[in-house]
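J.: Sequence:
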Amino acid sequence: MKELQKLNKYFIKYKYRFLLGIVITIASQIFTVFTPQYIGDAITVLEHFLKNEITAEATKQALWHNMLLIIGTTLLAGFLTFLMRQTIIVMSRHIEFDLKNEIYDHYQKLSLDFYKRQRTGDLMSRISEDVAKVRQYVGPAVMYSINTIFRMTVVIVQMYIISPTLTWYSLIPVPFLAVLMYKLSREINKRSFEYQQNLSKLSSFSQEIFSGIRVIKAYTLENRENTSYDEATTESKTKFMRLAYTNALIGPLMILLIGASNLIIVFIGAKMYINGIINEIGIIAQFILYINMLTWPIASLGWVSTMIQEADSSQKRINEFLNEEPSIQSNTEEKHELEGKIEFKNVHFIYEDTKIHALNNVSFTIEKGESVAFLGKTGSGKSTILQLISRLYDVSSGKILIDGIDIKDWNVENLRDQIAVVPQDAFLFSDTIKNNIQFGKENATQEEIEHYAKIADVHKNIVRFDKGYDTILGERGITLSGGQKQRVSIARALIKDAPVLLLDDCLSAVDTETEERILNNLKDISAKKTTIIVTHRVSSAKNADKIIILNEGEIIEQGSHNQLIAQNGYYTNLYNKQLAEKDVI
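Under full-length UniProt numbering, the residues of the sequence shown are numbered 1 to 585, in order.
I should point out that these hints are in silico values taken from the structure, not numbers from a laboratory. Source: prediction; values computed, not measured. Accuracy of the hints is not assured; some may be wrong.
Claimed, not checked - Straight-line alpha carbon distances no greater than 30 angstroms define the calculated DSSO-like cross-link-like pairs of lysine-lysine that follow:
1) 355 x 335
2) 190 x 2
3) 190 x 271
4) 217 x 190
5) 190 x 377
6) 109 x 13
Said to hold, decoys possible - Computed Cβ-Cβ distance ranges for the label pairs, DEER-style:
7) 292 x 320: 20 to 28 angstroms
8) 292 x 210: 47 to 55 angstroms
9) 482 x 578: 32 to 40 angstroms
10) 237 x 320: 33 to 41 angstroms
11) 101 x 474: 24 to 32 angstroms
12) 237 x 516: 52 to 60 angstroms
Where a beta carbon is used, it is the ideal one built from N, C-alpha and C, also for glycine.
Assemble the whole structure, with the sequences as input and the hints as a guide.
T.: Following this line, the structure appears as structure tokens:
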């Protein structure tokens, strides 16, 4: 139950609805307890009639009177039960809505290193299956718990008023029930947690299979993956069956103990009636009805206990993420207008998960409006520099200054809002091409969208589709080719019109002619922007104001195209390999 304490803030938020539900529950149980009393009175009337103690007319009137009271109290109790569900169950839906939003909002705040450690299926499982389990706690479990507490209180008090002795006898099975429920609850909690963990693994496994279906088909691995999936689902079934087996014990045990109470009432009650301790046989009928009224509350203890234990396990998994603090946080709410000067001062960076030393004592300055290209082998630290500028990670040591201000003294949202990024992995959403480009600027007009699509040299491809810009893309933009996805990503970044533009090897999937057209189009639009290009191609870098060569996280060369050619080093060798036949020096 400790994990569920985090939900108390929601009960406080909806306290008026919650308190109203409790009041209605109390009223409902008060009216419910009258029904057995009126039935008992009716049986007593018949008993007196059979003994010729009252007339037939008086018996008829008394029976009609009791019947009307039974119908009235039953209808009123049923209506109040309806209102109880309307308050507490509806409250649980509000809490479910709030909790999902809280988790999603927290997901948005968590840093990139968190997502490198987690699997997508597990993230989805916690915001769907786990929240659904928690909703069962704040709704049905709470409602039936309140209902059980008040019904048992009202019924047992009423039984005690009628006959204390018979009450004590009829409650003999209750302690056995409490012990059994305690032991079963502990086992359910354990098995529920194991099942929920396995369910997350299964969700992650399925998500990866669907995302990588093209690779699986290309390598004809369907049979192998089917076998792996069968193994995973078999394990999940085994854990669920263990949980179901434990849950299945609860109902029969409840019925057994309630049946034992009924037998005790009949046996002890009959002896008390014979011995003259109780004078009316209707009292025995009342007790049987009262005990059976407790059947569902007592039986629901097992169900409620199961829901609480499952919710506790699920909330524990949710809390693991909600308690995760983002490694990148704003130290200020102050906002600055970004101009575009970027300085790296003796920057070192080590990835925490792999311990790879990506950057080693890197220092450089990029002036406002300057274009800079980073070249180097794969793994030399080029993309890491762009991620540090966007503050997706913090430096291990050294400093990064943006417009002379330490990057850690910038509001993160404010900083990223003024940087346009084209990532190495051209991710597109399962939406229209128009909306994917408009993602960079929500209120962009159709003319603006087409304008930037033309700059990215993708407009002519888009208009060839039957629905043009309204074409729906498949997951991750699968409808488009690699080059088209990159160019749509470029259009999405350009439409943002940010003062800093980061291009992370975003022309790798296009041919050299298309690359040349895009770079020429970018010259005018990026003239007043600080533009940083990460690339493997000299053709993408040669027109930049400055070119920086990285090797194993260190700067080995930097300067303009002509300066680097004159040095006759790494850049010259790369240039000769890639462009010697096409370019004239």
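J.: Does residue 190 sit within 30 angstroms of residue 217, going by the straight-line distance between their CA atoms?
T.: The hint is violated at about 39 angstroms.
J.: For the range 32 to 40 angstroms, tell me whether the beta carbons of residue 482 and residue 578 fit it or not.
T.: 20 angstroms, violated
J.: Holds or violated: the 52 to 60 angstroms window for the beta-carbon distance between residue 237 and residue 516?
T.: Taking Cβ atoms as reference, residue 237 and residue 516 lie about 58 angstroms apart, which means the hint holds.
J.: Taking 30 angstroms as the top limit, are the C-alpha atoms of residue 109 and residue 13 close enough?
T.: With Cα atoms ~23 angstroms apart, residue 109 and residue 13 stay inside 30 angstroms; holds.
J.: Holds or violated: the 33 to 41 angstroms window for the beta-carbon distance between residue 237 and residue 320?
T.: 25 angstroms, violated
J.: Holds or violated: residue 190 and residue 377, Cα atoms, limit 30 angstroms.
T.: Distance ~50 angstroms between residue 190 and residue 377 Cα, so the pair is violated.
J.: Is it true that residue 292 and residue 210 lie within 47 to 55 angstroms of each other by Cβ?
T.: Taking Cβ atoms as reference, residue 292 and residue 210 lie about 51 angstroms apart, which means the hint holds.
J.: Can you confirm whether the C-alpha distance between residue 355 and residue 335 stays at or below 30 angstroms?
T.: Measuring from Cα to Cα gives roughly 33 angstroms; hence the hint is violated.
J.: Using the C-beta atoms of residue 292 and residue 320, is the stated range 20 to 28 angstroms upheld?
T.: The hint (20 to 28 angstroms, Cβ to Cβ) is violated, given that residue 292 and residue 320 are roughly 43 angstroms apart.
J.: Quickly compare the C-alpha distance for residue 190 and residue 271 to 30 angstroms and report which way the hint goes.
T.: 46 angstroms, violated
J.: With 24 to 32 angstroms as the target window, see if residue 101 and residue 474 comply at their CB atoms.
T.: 28 angstroms, holds
J.: Between residue 190 and residue 2, does the CA-CA distance stay at or below 30 angstroms?
T.: At roughly 15 angstroms apart (the allowed maximum being 30 angstroms), residue 2 and residue 190 satisfy the hint.
This entry does not satisfy hints 1, 3, 4, 5, 7, 9 and 10, going by the numbered hints stated previously.
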